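**Student:** Chains as they are written, first to last, in my numbering: chain A, 1 to 407; chain B, 1001 to 1139.
Please keep in mind that the hints were generated in silico from the structure rather than gathered at the bench.
Remember, predicted model here, so these are calculated numbers, not experimental data.
Errors might be hidden in some of the hints.
[Stated by the list, open to error] Quick list of simulated restraints, FRET-style, between CB atoms: (1) A/241 with B/1001: 33 to 39 Å; (2) A/260 with B/1021: 57 to 63 Å; (3) A/243 with B/1046: 44 to 50 Å; (4) A/319 with B/1105: 24 to 30 Å.
Glycine included, C-beta positions come from ideal geometry on N, C-alpha and C.
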Amino acid sequence: MANFTGTILTRAGRNLLAKAQTGATLTFTRVALGDGILPSNTNLEDLVSLVSEKVSLPITRIEVVGDGTVRLRFVLTNESIETGFFIRELGIFAQDPDNPNNEILYAVSYAGEEADFIPSPQVIRVEHVIDVYTVISNAQNVTAVISDTTALATQRDLTELANSFNNLINNISTDQIQDGAITTSKIADFAITTEKIADSAVTLSKLANVSYTPAPNVIVPLNAEGILDLSATYVKSNVYTFRRVNLTGATSDYELQVGEEAYIEFSNVTSVPLRIAVPLVTCFYQILVVITHISVGNLDYMLLPNNTTYSDQFSCWCMTISGNSDRLRSAFFHDLYSGSADVSPYILTQFVSIGTRSSFVMAGGGNTVSVSYSVWNNTATPWISLGSIASYSNQNLSGYILIRRLR
Amino acid sequence: MKVYAYIHPQLNILCCAVLPEAVPKNIQAIEFEVEDINDIIYDGTQIRLKTVEEKLNERKQEKLQQLKQIFASKISQTDYIITKIEEARLLNQDIQPLLDRYSEKLQERQQLRQRYEELKQAIQNATTLEELDAIAIEL
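Just chain B, with the same shape it has in the complex:
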């Protein structure tokens, strides 16, 4: 896709127009052919395409954020078990019945954490965008 990038004269920020007529008059825009509108960056001195490394790092951060959101969503569904066990412990009650009762759920939580760590490591270890995109966040 074609993108017309320019620096906003008042805000001094990067703006990317997807239509040439969207560029304000008397503003010099730079035309880019990109796959993603987010591939352009203003580094404080110039408008340019992001490097592969920059794109990879950015996508890693987004993917890690996404992983964290999904993990938190999943694991929070069984947080009530932890609350119950901890409450029993504070009241000096026997927690073994609870551990027995919820053993399967507690095991699932461990597996979830393990899977989260695996995915997190995989994301951090990815060296290309293709490798990163191939990581499906499925917990």
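Next up, chain A with everything else stripped away, as it sits in the complex:
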């Protein structure tokens, strides 16, 4: 590059600067280079144009340095010149604020004999990024007409840009992302992995239109225990299903919910606590009992509410193919009434209404069938536990029980 010793404000440039200091906008328009030779007595301040302008170059960047100067960047390229020339003079042009169509030579610099030669592009292609400084004093409004057709970045520009970009990427906050900017189609499959999401980062409030209820045609995941959660809050189903709860060996009462089914196995016992808590008088249960083994014949089946017998408080009617019976009992009672022929398998289905304190049983076993109905006449004693099933005459029983809460 030619040895330019510094820019000198022209008189017109100085007038323009004075206006800029009072609030007018100082707008730099271009930089020009020429090969003019100035007479030795030429005062650069008097120039209003270059002596021999050869090429006009757009400004690509402007930066107010802060010490009363401005740095203008342009790209020196020979792509638009037909013949080479010595770069002896450099001019900085600005817009006349009084007449925007006029251009003022704001500052000039002269290299004289220390000029450099710029060849034609046929010889060699030249591209240099050049910064030139000029005075703006304390003018407040300084701009430049920036070319968007010529853009060459220095290493410093690239580094600054990279730093700036990284800083932006690493600090994107929610409010910097426009609503609707990130759509599903913009996110690559499997792009967001669990490791990329901080713990507790995704809260319900951040999820619009999200519900615990899956959309149609969505596969419901298993819960942490590996169980498909079919509760009404999660899955609505037209299919009436029972969720099974194994209460075999339970040591405290479980509050069976509507739609739940307790399962109990028993072996060689005279009574089986059902371990079902009764929460409401409106509860309605179905009890299915399969007795696979009876130690001796003549099984008389009882349901002891609250796991207790209450002497003569139950009116029990039983109808069998051997005859009928009608007696007061100490619990809900059922008898196949076929003498010693009450042998296993003995299958019994019992409906228990807590509200009406009654029980209806249908059963079959041995060589007979029977039905019975029992009512607990005492209404003063709260029914808080569904109770125990028991044999009446000390038979040991084995089998299994299903208890469904229907209401």
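Got chain A sorted already, so can you dock chain B onto it with the hints?
**Tutor:** Same frame as chain A, but now just chain B:
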């Protein structure tokens, strides 16, 4: 089996819980080890185990009731024969053809009654529970 017996405070009746937690709070229960929950009795003054005699008599009554039910069920299956014969008699008809026709069934009814009486007597004569339990009600 363990049974926890107490008197119901409002109903003044015997209650037998099969689980200790089934006994209502503030109620004093008596713990029994029994073979059958029905072996406990409240005699108006105290809760106690039934005597062997009481148990035997109770079981006899149950067994007799059972025998009666089964006998009634069996014999009622041929009651229509008796109805037919009696109807013929009321109409001054000859009943001999009916007696001939149903002689086998009538004989079975007699055997059934005889067997019923035998079993009834055996039940009433039983002196131990084992002896009573050994009586199979088969007609």
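**Student:** Starting from the range 24 to 30 Å, see whether the pair residue 319 of chain A and residue 1105 of chain B falls in it by beta-carbon distance.
**Tutor:** Given about 26 Å between the Cβ atoms, the range holds.
**Student:** The hint says 57 to 63 Å between residue 260 of chain A and residue 1021 of chain B; measuring C-beta to C-beta, is that right?
**Tutor:** violated (22 Å)
**Student:** Go ahead and decide if the range 44 to 50 Å is satisfied by the Cβ distance of residue 243 of chain A to residue 1046 of chain B.
**Tutor:** Once the Cβ atoms are compared, 48 Å apart, the range 44 to 50 Å for residue 1046 of chain B and residue 243 of chain A holds.
**Student:** Do the beta carbons of residue 241 of chain A and residue 1001 of chain B sit within 33 to 39 Å of each other?
**Tutor:** holds (37 Å)
Against the hints set out earlier in the document, a violation occurs for number 2 only.
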